[in-house]
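Chemist: Sequence:
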Amino acid sequence: MKQLVAFDLDGTLAESKQPLGDAMGDALADLLDVADVAVISGGDWPQFDKQVASRLPERADLFRLWLMPTTGTKLYTHRDGDWQALYAELFDEEEKHHILEAFDAALDATGFVPEEVWGERIEDRGSQITFSALGQQAPIRAKEVWDPDFAKRKIIQADLRSRLPGLSINMGGATSIDITREGVDKGYGLKKLAEASGFPLEAMIFVGDAIFPGGNDYPAKQIGLDTIQVRDPEETLAVIAALVACLK
1 MKQLVAFDLD GTLAESKQPL GDAMGDALAD LLDVADVAVI SGGDWPQFDK
51 QVASRLPERA DLFRLWLMPT TGTKLYTHRD GDWQALYAEL FDEEEKHHIL
101 EAFDAALDAT GFVPEEVWGE RIEDRGSQIT FSALGQQAPI RAKEVWDPDF
151 AKRKIIQADL RSRLPGLSIN MGGATSIDIT REGVDKGYGL KKLAEASGFP
201 LEAMIFVGDA IFPGGNDYPA KQIGLDTIQV RDPEETLAVI AALVACLK
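Taken in order, the sequence shown gives residues 1 to 248; the numbers are from the numbering used here.
Mixed in with the good hints there might be a few duds.
[What the hints assert, rightly or not] Under the rule of at most 25 Å between Cα atoms (straight-line distance), these lysine-lysine pairs were calculated in the BS3-like manner:
#1 LYS154 / LYS248
#2 LYS2 / LYS50
#3 LYS2 / LYS152
#4 LYS154 / LYS2
#5 LYS96 / LYS2
#6 LYS2 / LYS221
#7 LYS192 / LYS221
#8 LYS191 / LYS221
#9 LYS248 / LYS50
#10 LYS96 / LYS154
#11 LYS2 / LYS191
[To be verified] Label pairs and their in silico Cβ distance ranges:
#12 GLY119 / LEU90: 35 to 43 Å
#13 LEU90 / GLY111: 43 to 51 Å
#14 LEU247 / GLY81: 32 to 40 Å
#15 ASP149 / GLY119: 20 to 28 Å
#16 PRO148 / GLY119: 34 to 42 Å
#17 GLY224 / GLU144: 43 to 51 Å
#18 PHE112 / ARG141: 15 to 23 Å
#19 PRO19 / ASP61: 30 to 38 Å
#20 PRO148 / LYS248: 31 to 39 Å
#21 GLU58 / ASP92: 15 to 23 Å
#22 GLU58 / CYS246: 41 to 49 Å
In case anyone wonders, no lab produced these hints; they're calculated from the structure.
Think of the CB as a built atom: it goes at the ideal place given N, C-alpha and C, for glycine as much as any other residue.
Using the sequences and the accompanying hints, generate a full structural model.
Modeler: Below, the structure is given as structure tokens:
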């Protein structure tokens, strides 16, 4: 019997960088009645607060919710009436500078210049540096059509890997590339969650929209978790309903 259900965020629980819909908030509250729930994604804590923590109904059992920003290099739980970080693994300044230089060089070398950009393209998230091809505030429609088959980002990813050996470089969301320390991916984060929560990996199941080689959800499958791939949040709602029915 599964005791914890882990989810990707963008493209799985919500549209890219958008808050959970009311139906999804209610569905997660129903799931929290029968299992622990984790959300792991590349965004930092402020994005998690906006998209998830602030969007759940009052009846949701927050004590059973595990929020994992920056690909699980941070872990937040709700204790004593507030969200608290259990840990955070941060880059030092020299590492950050090296990564930012590599991003500039890779983008020059690969030549991907979008016609329009909305906000900053590179964000320092402490334990993760994230490149958003169209900018941090790009509208959903623009994101959906820029790189739907991951082809553009695979070229940038390959160039970055040649410049940054020893770091993990993974595609995330609709237009982003996430850089973390070597070995840090969703598999790493979920193993850390197993240690912190006391739930073994075999008691977990993972739901995501990018469970394929090169996708940033694929490491969950590689570490042996049972997984469910979904197309979008609408399909996730159906998966949650089925899980609730099975786990009751």
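Chemist: Need the list of violated hint numbers for this structure, in ascending order.
Modeler: Those not satisfied are hints 1, 2, 3, 4, 5, 9, 12, 13, 14, 16, 17, 19, 21, 22.
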